[in-house]
Amino acid sequence: MTVTSGFNLPGALAQRLRWLEARQAVLSENIANADTPRYAPRDLADPGRGRAQLALDRRSGAHLGNGSGGRFSAVDAARFETRPRGSSVSLEEEMLKIGQVQIEHQMLASLYQRSIARLRTAIGRKG
Amino acid sequence: MTDFLSAIAIAAKGLRAQAGRMRLISENIANADTTPTRPGEAPYRRKIAVFDKRFDQELQATAPAIGRTRRDSAPFPLRHEPGHPAADAAGNVAKANVDLLIEGMDMREAQRSYEANVNVIAATRRMIQRTLDLMRS
Numbered sequence: 000m001t002v003t004s005g006f007n008l009p010g011a012l013a014q015r016l017r018w019l020e021a022r023q024a025v026l027s028e029n030i031a032n033a034d035t036p037r038y039a040p041r042d043l044a045d046p047g048r049g050r051a052q053l054a055l056d057r058r059s060g061a062h063l064g065n066g067s068g069g070r071f072s073a074v075d076a077a078r079f080e081t082r083p084r085g086s087s088v089s090l091e092e093e094m095l096k097i098g099q100v101q102i103e104h105q106m107l108a109s110l111y112q113r114s115i116a117r118l119r120t121a122i123g124r125k126g
Numbered sequence: 000m001t002d003f004l005s006a007i008a009i010a011a012k013g014l015r016a017q018a019g020r021m022r023l024i025s026e027n028i029a030n031a032d033t034t035p036t037r038p039g040e041a042p043y044r045r046k047i048a049v050f051d052k053r054f055d056q057e058l059q060a061t062a063p064a065i066g067r068t069r070r071d072s073a074p075f076p077l078r079h080e081p082g083h084p085a086a087d088a089a090g091n092v093a094k095a096n097v098d099l100l101i102e103g104m105d106m107r108e109a110q111r112s113y114e115a116n117v118n119v120i121a122a123t124r125r126m127i128q129r130t131l132d133l134m135r136s
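Residue numbers (numbering that gives the first Met the number 0), protein chains in the order written: chain A, 0 to 126; chain B, 0 to 136.
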């Protein structure tokens with residue numbers, strides 16, 4: 000087994016970073032609509048959960064793959080509270096999620112940097 | 000990076016909507032004591048900010064916007080003031096239907112939502128900065 004046939008770390012990290020970015024947009028939509036009547040908050044489904052790591056063998060472009068299609072699908076978030084105005088966005092909950100996104104983004108960005116640095120070491124360049 | 004930029008744009012729409020709401024609240028508070036000058040005239044009627052749910056084609060997201068301003072249909076409270084120039088035959092003057100307590104709470108709520116949107120912009124900016132730092136290394 001060669002290095003490249005194994006788990007593609009920078010690729011997976013970049014995918015996760017893209018997911019975080021898309022999630023941030025959805026969360027900011029929830030917060031902006033916190034006082035909009037009859038607005039139901041949404042969240043992004045976590046692609047890392049319940050999905051096989053192996054890619055389907057695709058012989059034709061028309062086949063559906065199980066890999067990352069690029070777009071992440073938004074799902075209705077679980078609601079714990081309904082505000083008096085009829086919108087069920089809880090600002091605290093959304094801010095908590097924004098915090099989580101930020102922490103994970105920070106962590107993944109550092110990991111990404113480290114993995115690139117490791118590749119540089121492998122090809123014999125310093126720094 | 001486009002998702003980050005649209006996150007900031009959506010939060011900015013939220014800021015604008017909340018600021019418009021605060022403007023209406025301040026108008027209500029400023030006119031809380033506005034009385035008619037002649038008998039039979041109506042005093043100031045409270046304005047209500049209504050948020051419209053609009054789908055923004057450009058951002059591909061639901062963005063709030065202040066819709067047409069609605070008026071509060073609550074009756075005007077009457078105060079007995081026979082000497083007032085606008086008093087009716089019974090000596091009552093109609094006052095504006097503005098409750099300062101309600102306006103104060105509404106202002107608080109708008110402020111809280113405004114701050115949440117500001118925080119979203121700050122958090123997104125930090126993440127953009129971090130992503131740009133990746134290119135530098």
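Keep in mind that the hints were calculated from the coordinates and are not lab data.
Owing to the predicted nature of the structure, the values given are computational and were not obtained by experimental measurement.
By construction, the Cβ of each residue, glycine as well, lies at the ideal position given by its N, Cα and C atoms.
Keep in mind that a hint or two might mislead.
Unchecked claim - Among the chain A residues that face chain B by a calculated CB cut under 7 Å, a handful are:
id	residue
1	Glu20
2	Ser27
3	Glu28
4	Ala31
5	Asp34
6	Thr35
7	Tyr38
8	Ala39
9	Ser87
10	His104
11	Leu110
12	Ala121
13	Ile122
14	Gly123
>> Tell me the hint numbers this structure goes against, listed in increasing order.
In response: Violated: hints 8, 9, 11, 12, 13 and 14.
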